[in-house]
Amino acid sequence: MFEQAKLLGTTERSITVETHKGTRITNVIEPEPGHQQRQFYQALLAKYGGNWEERKPPTGVYNCAGHVWASRRTALFEPDEWRLILDEDGYRRLEAPGEVAPGDLVVYVESASAEILHVAQILELRPGVAPDRPRVAWALSKWDAKSGEVMHYAYDVPYGKQGIEFSIEWWTDRPGSRASNR
Amino acid sequence: MPKLEYFLVAESMAMDKNRNTVSLFHVMESLSGGSPPLLVPTLVAVSCWKISDEEMGSDFQAALKIHLPGGQALPEEFEESTINFTPHERRFRTHHFVKGLRIDHVGDVKFEMVLNGKHVAEHVVSIEPADQGD
Amino acid sequence: MSGNVLEMLRSDEFALSAGFLSTPGPLRRFLAKSREVAAVRRALKEGAITEETLRRFVAGLMSDLRAGERFPHELPLAAVAVALETRATDFAEEFLHDLACLRVAEMGLCTRVARECLKRRTSLTRSKSRSFERTRLAQEIPFSVRTSPSNGARGAVGVAQGTWICGAK
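Protein chains in written order, with my numbering: chain A, 230 to 411; chain B, 9 to 142; chain C, 4 to 172.
Bear in mind the hints are in silico, worked out from the structure with no lab data behind them. A portion of the hints provided could be inaccurate.
[Unchecked claim] Computed list of lysine-lysine pairs in DSSO-like fashion (alpha-carbon distance at most 27 Å, straight line):
| id | chain 1 | residue 1 | chain 2 | residue 2 |
| --- | --- | --- | --- | --- |
| 1 | B | K11 | C | K131 |
| 2 | C | K131 | B | K25 |
| 3 | B | K118 | C | K48 |
| 4 | C | K48 | B | K107 |
[As the list claims (entries may be wrong)] Far from chain A, by Cβ distances over 12 Å, these chain C residues were calculated:
| id | residue |
| --- | --- |
| 5 | V8 |
| 6 | S37 |
| 7 | A41 |
| 8 | A42 |
| 9 | R69 |
| 10 | T89 |
| 11 | E97 |
| 12 | E109 |
| 13 | S130 |
All C-beta atoms, glycine included, are put in the ideal place defined by N, C-alpha and C.
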C-alpha cells in the first residue's frame, strides 16, 4: 500500500532546533499549501474567524509552535516537546490572566488529555468591554502548517465550536518576583 | 515469560474479526467410536498469552507437542508444530490447527504447550472404547 | 450507501468540522469521536463496505499525491487510519504500519495520526495460526468419531462422522 508515497522516499527536511539546555526538538519543514487548500482556508476563516484579523496569508514551513519557538523556520509537532521547551527555556506559568503582558504566550490545553492544542503569542492588551473591566489579551496565531497568521482575542479560538473542551494557560519568559516555574 | 491465560483443544474455532473475539466449538475432553485406529480430522489448540511491557518485541516460540497413547510414534508432519511470534500487544493468541491425526490405541492423548522450550500447560483428551460413553 | 460513507470523509463539511486541528493526538481523538469515522466502522462491521473497497478508496486518494505539493487528502486518510485502529485484521495492520512508516513531508499529518493509532493497538489482541496436516494419505478407512463429555458430565454430545482417507502407516 502507499506505493506512490514509498517511491518518493524520504522527503521530510528538518533543521537543528534545541532548547536552551541543548535538548534536540523534532521538527519538519512543511510544504506550501496548494491552491485548493488556500481556497478552503477562506471557508475555515468564515466558519471560525469572523472576528479575526489577518496578518499573513496561508503559508507552509511552520506551525504554531514553530512560529513561537523557531522563528517561523520550521514546524514543531510533538506537544510533549512543547512542554519541554516551556520548562527548559525558563518559562514560568502566570497565576492569572491579569498578569499577562505583550510577548507572553497563551497555551491552549485539551482537557481530556492535558495535551497542548495550540500556542500563540500575546501582541497587546486591548481595552475590556468597559473602562473598569479587565483588559483582554490580543494574540497572534498560526493555526497549523498550512494556514495564515491571524490576530484574535485570546478567548476567540475554534476549539469550543468544535466541541473540544480546553483550558488556557498563560506563560511568560519575564522573571518573576518569586520562583514559580512549573 | 508470557503468562498463559488459557490453553484448550477443541474441534473447531471461529474468530469474529469485527470484535476480535474467539469462539471455540466442542472442547475436546474424550473421544469414542469404533475400534482404533481412529482419525481426528481436525482439531485446534488455542493458547492466549498475556504479554508484559518488557516482553513486547521479544521473540517467542509456542510449540504444540502431542503425546499419543500406547507409545505410538507421532507422524513427522506434527513433530515441528511450532508458531514463532513477536508480540507488540498486551495479549497474543496462537492457534495450532492439526488435521488428520491418527490414533492407534485407547488411552490418553496429551496435548502439551511448550513456550521457548519450557512446559507451560497440557490438555488431555481420553480415547475410549466404543462401548463406553453415552 | 457504501460510497457515501467513504465520500463523506472527503467532504468539505467533514474538513470544516476538523478545523485547524493538526497535532496528532487531539486530531486522532476528534476523528475517533466523529460520526463519519463511526459510520465507516459500522459499515465495515456490517459488511456494507469491505476492506477491498477501502483499499480501492485509498488508492484513489493516493493517485493525487504529487512530489513537492501538500497532499490534498490527509484528513480522509487519517480518518481511515482511526477507523481501522481497533480492527484486528491483516489489512488494518498493513494499512497502519505502511502509513506510519512513511517519511514524506507532503503527507506528514496523516502519517503522524497513523502512528498514534498504532500506539493504541497494543491493547488489541493479535493472533497467529498455523496448520499441521498429515499429507501422506493412501488408504480409506470408514469410521466415526464421537466427541463426548467426560464421565459424570451431562450435556449435548457432538458427533462428527464420515469417511476419511488416512495414511497407510
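Of all the hints numbered above, which does this structure not satisfy? Sort the numbers upward. 3, 4, 6, 9, 11 and 12
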